[in-house]
Amino acid sequence: MVGKRAVIALTPAELLAIERAALLLGPLALAAVMVIMLRPNPREATAAMVAFLWQLPALYLLHLLSVSQGWWSFPDARNELSGLPIDVWIGWAIWWGPVAMLATRLISPVVIVIAAVTLDVVSMPLLTPLVQVHDGWWMGEAAAVMICLAPALTAAVLTRDDRLPAVRAVFHVLGWGGYLVLLIPAAVLSFEGGGLADLWRLPTSPLDVALALAASLLLFVGIAATVEFATIGQGTPIPFDPPKRVVTTGPYAFVANPMQIISALVMLLFAGYARSWGLALIAVSFAMFDAIYARWYNTGHIAHAMPEAWQRFSGEVPEWSFRWRPFVEGEAEVAISRDGPARWVWDRLWRRACAGMTRGVHVRQREAHDGLRLRYRRPNAGIDEKGMLAAARLLEHGPLPLAVLGWVMRFPPIGAVLQVVSGLAVCWWRRESSGQSRRRVDE
Amino acid sequence: MDFPAGYPYRLAPLVPAWSDGKSQTLAALACAAVVLALWMRAPWSLADVDTIALQVVLPGSLAFVLAFAPSPRVLANRIAKDLVTVWTTLAVFAGDRIVLMLVAIPAVLAVSIALGHPRLGRSWWGSEL
Numbered sequence: 001m002v003g004k005r006a007v008i009a010l011t012p013a014e015l016l017a018i019e020r021a022a023l024l025l026g027p028l029a030l031a032a033v034m035v036i037m038l039r040p041n042p043r044e045a046t047a048a049m050v051a052f053l054w055q056l057p058a059l060y061l062l063h064l065l066s067v068s069q070g071w072w073s074f075p076d077a078r079n080e081l082s083g084l085p086i087d088v089w090i091g092w093a094i095w096w097g098p099v100a101m102l103a104t105r106l107i108s109p110v111v112i113v114i115a116a117v118t119l120d121v122v123s124m125p126l127l128t129p130l131v132q133v134h135d136g137w138w139m140g141e142a143a144a145v146m147i148c149l150a151p152a153l154t155a156a157v158l159t160r161d162d163r164l165p166a167v168r169a170v171f172h173v174l175g176w177g178g179y180l181v182l183l184i185p186a187a188v189l190s191f192e193g194g195g196l197a198d199l200w201r202l203p204t205s206p207l208d209v210a211l212a213l214a215a216s217l218l219l220f221v222g223i224a225a226t227v228e229f230a231t232i233g234q235g236t237p238i239p240f241d242p243p244k245r246v247v248t249t250g251p252y253a254f255v256a257n258p259m260q261i262i263s264a265l266v267m268l269l270f271a272g273y274a275r276s277w278g279l280a281l282i283a284v285s286f287a288m289f290d291a292i293y294a295r296w297y298n299t300g301h302i303a304h305a306m307p308e309a310w311q312r313f314s315g316e317v318p319e320w321s322f323r324w325r326p327f328v329e330g331e332a333e334v335a336i337s338r339d340g341p342a343r344w345v346w347d348r349l350w351r352r353a354c355a356g357m358t359r360g361v362h363v364r365q366r367e368a369h370d371g372l373r374l375r376y377r378r379p380n381a382g383i384d385e386k387g388m389l390a391a392a393r394l395l396e397h398g399p400l401p402l403a404v405l406g407w408v409m410r411f412p413p414i415g416a417v418l419q420v421v422s423g424l425a426v427c428w429w430r431r432e433s434s435g436q437s438r439r440r441v442d443e
Numbered sequence: 001m002d003f004p005a006g007y008p009y010r011l012a013p014l015v016p017a018w019s020d021g022k023s024q025t026l027a028a029l030a031c032a033a034v035v036l037a038l039w040m041r042a043p044w045s046l047a048d049v050d051t052i053a054l055q056v057v058l059p060g061s062l063a064f065v066l067a068f069a070p071s072p073r074v075l076a077n078r079i080a081k082d083l084v085t086v087w088t089t090l091a092v093f094a095g096d097r098i099v100l101m102l103v104a105i106p107a108v109l110a111v112s113i114a115l116g117h118p119r120l121g122r123s124w125w126g127s128e129l
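Protein chains in written order, with our numbering: chain P, 1 to 443; chain B, 1 to 129.
Everything labelled a hint here was simulated from the structure, so no lab data went into it. Heads up, some of the hints might be wrong.
[Unchecked claim] Which residues of chain B face chain P? A few of them, derived with a C-beta cut under 8 angstroms, are: (1) THR51; (2) VAL57; (3) ALA94; (4) ILE98; (5) VAL103; (6) PRO106; (7) ILE113; (8) LEU115.
[To be verified] To give an idea of the chain P side of the interface with chain B (calculated C-beta under 7 angstroms), a few residues: (9) ALA13; (10) ALA21; (11) PRO40; (12) MET49; (13) GLY83; (14) LEU84; (15) SER285; (16) ASN298; (17) GLY300; (18) ALA303; (19) ARG343; (20) TRP344; (21) TRP346; (22) ASP347.
[Unchecked claim] For each label pair, taking beta carbons as the anchor points, the in silico distance ranges come out as: (23) LEU83(B) with GLU308(P): 39 to 49 angstroms; (24) PRO13(B) with GLY371(P): 37 to 47 angstroms; (25) LYS22(B) with TRP320(P): 54 to 64 angstroms; (26) GLY70(P) with LYS22(B): 20 to 30 angstroms; (27) SER314(P) with ALA12(B): 27 to 37 angstroms; (28) ASP96(B) with GLU308(P): 23 to 33 angstroms; (29) LYS22(B) with ALA142(P): 25 to 35 angstroms; (30) SER205(P) with PRO13(B): 22 to 32 angstroms; (31) LEU83(B) with LEU61(P): 31 to 41 angstroms; (32) LEU119(P) with ASP96(B): 43 to 53 angstroms; (33) GLY371(P) with ALA12(B): 42 to 52 angstroms.
Model, not experiment: these values are computed from the prediction. The beta carbon of each residue, even a glycine, is placed where N, CA and C say it ideally should be.
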């Protein structure tokens, strides 16, 4: 009763401030208690960090969606980013990040999701004046689970169990993409008095078009490097969940630190596009981190763990500039069908136009166990690709522009479309060749 | 795939370094900084409790937690941990400019790498564990 009177005695501004402080410090205290009580191992701690890092851009994106769809709003305009209260945002990220992840020690992730949604449904309407829910806000709750909670828990559990690195790589690409194209520009441009619209606008000059194209191309290379870490190295770009071998293929055959260079360059291009000194400062900050700390981390950890492989790689591949031709370690084996479109391309085009690229490539006739009509293997690098992915790997034996074409071809949606096209080409070739055989018999 | 056991880190649970003298000093520094920052913001108003939580208590708590975090094996990482703890402690005085302190974190990490080499750094933080 006394407590209720005390709440009534509070002014709306005081009640609001207490709500905001509680929503920040409550999850923070809970996370600290769970860390002390549960004593996570380093992999669990990394998983908790992954969940937290996922939440920041995901919750910001959810907020932007909420503003556009009118699900809910935060009327208070202090300590906010684009209308999202920063304290609530951080508290929410801890709640659905480390707290949810550490709770998987005690209960199943499905139960955690159900409990989180139930708590939201009950508490959100009660949190006035902090948040005002509008008609259809439960749609926003569903979006929150799909964009924020479920992916964060999935990425965290996979990281904890060291499973499905390719799926983890997708989360890292999306998550880091969220920081690069959404969160960091939003925070910096707001700090400068502008907004995300300064970056997310249509190009207005040839320079803008050139900057946008260069940034897109670089992002492609960054994605290719992340995929290489996952598929070849069975790890991720974050230093606490690294690959389990020295990755020397894909973009790493040309430059030792492609992701670091690309992050800094993309931010610099964004700075030019948005005319922002703040983003330029972030690019410098990235470059400093990459040139000093990340470089030291590589030599201090990977070189210690895998000294021979690291020495061979670092002796051949420059850290901050691109080789024109790749560093290829060991022999590659290509299994190619006796006839068909792949053989036609190999005999008529590849060996003539790309003579230098067949060095170190051992070619043999395709056998039944090879599967598709073209197979590329490099056992010492852990590569075994078929179909168009194998063709893309062959392009990586060429100079940098051809290799970039190969990385674009290996980008999953593009690779899938190209595989379908190549399948149609094989069908067409079969029909044509059977028609020719029939005509010969008739003659 | 061959990689060393425990790569890239130890497999044992993370246990707070409650009894470590340097950790205690850093944690005491964080507490003192929070008290000082609160004193500098007096007189307090209940309507500002959220700003205090965000700009003082949050960085102070993070600094406290970092102070007791287990000591990394590698020298430069140990230096980085201590410097970031001090940097986070100083953030309680930054107010709205805390964003700039975040941007400067790579510079703090760069300093930790630089300190990992000279005799001064090794004498204070010890060699590789």
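Checked hints:
A distance limit of 8 angstroms between C-beta atoms decides the matter here; for THR51(B) the minimum to chain P is near 6 angstroms, and the interface restraint holds. Hint status for VAL57(B) relative to chain P: holds, with the closest Cβ pair at about 6 angstroms, below 8 angstroms. Given hint, ALA94(B) at the interface with chain P, is violated; its Cβ is 13 angstroms from that chain's nearest Cβ, farther than 8 angstroms. Interface restraint check: ILE98(B) against chain P, minimum CB-CB distance 10 angstroms, threshold 8 angstroms, status violated.
Taking 8 angstroms as the C-beta cut-off, the interface hint given for VAL103(B) holds, the closest approach to chain P being about 5 angstroms. For PRO106(B), the interface hint holds, since its Cβ comes within 8 angstroms of a Cβ in chain P; the closest pair sits about 4 angstroms apart. Nearest Cβ of chain P to the Cβ of ILE113(B): about 5 angstroms, under the 8 angstroms cut. The hint holds. For LEU115(B), the suggested interface contact is broken, since its CB lies about 12 angstroms from the closest CB of chain P, more than 8 angstroms.
The closest approach between the C-beta of ALA13(P) and any C-beta of chain B is roughly 4 angstroms, which is under the 7 angstroms cut-off, so the hint is satisfied. Checking ALA21(P) against chain B: minimum C-beta separation of about 4 angstroms stays under 7 angstroms; hint holds. Taken as an interface hint, PRO40(P) checks out: its beta carbon lies about 6 angstroms from the nearest beta carbon of chain B, inside 7 angstroms. Restraint check, MET49(P) versus chain B: the minimum CB separation of about 12 angstroms is more than 7 angstroms; hint violated.
Of the supplied interface hints, the one on GLY83(P) is violated, with its beta-carbon coming no nearer than about 16 angstroms to a beta-carbon of chain B, more than 7 angstroms. Because the smallest distance between the Cβ of LEU84(P) and any Cβ of chain B comes to about 13 angstroms, over 7 angstroms, the interface hint for this residue is violated. The interface hint given for SER285(P) is met, as the beta carbon of that residue sits about 5 angstroms from the closest beta carbon of chain B, less than 7 angstroms. The beta carbon of ASN298(P) is not positioned within 7 angstroms of any beta carbon in chain B (closest approach about 11 angstroms), and the interface hint is therefore violated.
With a cut of 7 angstroms, the hint placing GLY300(P) at the interface with chain B holds, because the nearest CB-to-CB distance is about 6 angstroms. The beta carbon of ALA303(P) comes no nearer than 12 angstroms to any beta carbon in chain B, farther than 7 angstroms, and the hint placing it at the interface is violated. At about 34 angstroms, the closest approach between the beta carbon of ARG343(P) and any beta carbon in chain B exceeds 7 angstroms, and the interface hint on this residue is violated. The interface hint given for TRP344(P) is broken, as the beta carbon of that residue sits about 37 angstroms from the closest beta carbon of chain B, more than 7 angstroms.
Taking 7 angstroms as the C-beta contact cut-off toward chain B, the hint placing TRP346(P) at the interface is violated, the least distance being around 31 angstroms. About 36 angstroms separates the beta-carbon of ASP347(P) from the nearest beta-carbon of chain B, more than 7 angstroms, and the hint is not met. One distance hint, 39 to 49 angstroms for the beta-carbon pair LEU83(B) and GLU308(P), is violated here, with the actual separation near 33 angstroms. As the Cβ distance of PRO13(B) to GLY371(P) is approximately 44 angstroms, the hint placing it in 37 to 47 angstroms holds.
Taken as a hint, the range 54 to 64 angstroms is violated for the pair LYS22(B) and TRP320(P), whose Cβ atoms sit roughly 36 angstroms apart. Range check, GLY70(P) to LYS22(B): Cβ separation about 52 angstroms, and the 20 to 30 angstroms hint is violated. The hinted range of 27 to 37 angstroms is satisfied by SER314(P) and ALA12(B), whose Cβ atoms lie roughly 31 angstroms apart. The hint said 23 to 33 angstroms for the Cβ distance between ASP96(B) and GLU308(P), and at roughly 51 angstroms that hint is violated.
A C-beta distance of roughly 48 angstroms is found between LYS22(B) and ALA142(P), which places it outside the suggested range of 25 to 35 angstroms. At roughly 56 angstroms, the beta-carbon separation of SER205(P) and PRO13(B) lies outside the given 22 to 32 angstroms, and the hint is violated. In this structure, LEU83(B) and LEU61(P) meet the distance hint of 31 to 41 angstroms, their C-beta atoms being roughly 33 angstroms apart. Taking 43 to 53 angstroms as the suggested C-beta distance range, the pair LEU119(P) and ASP96(B) does not conform, at roughly 32 angstroms.
A hinted range of 42 to 52 angstroms for the beta carbons of GLY371(P) and ALA12(B) is consistent with their spacing of about 44 angstroms.
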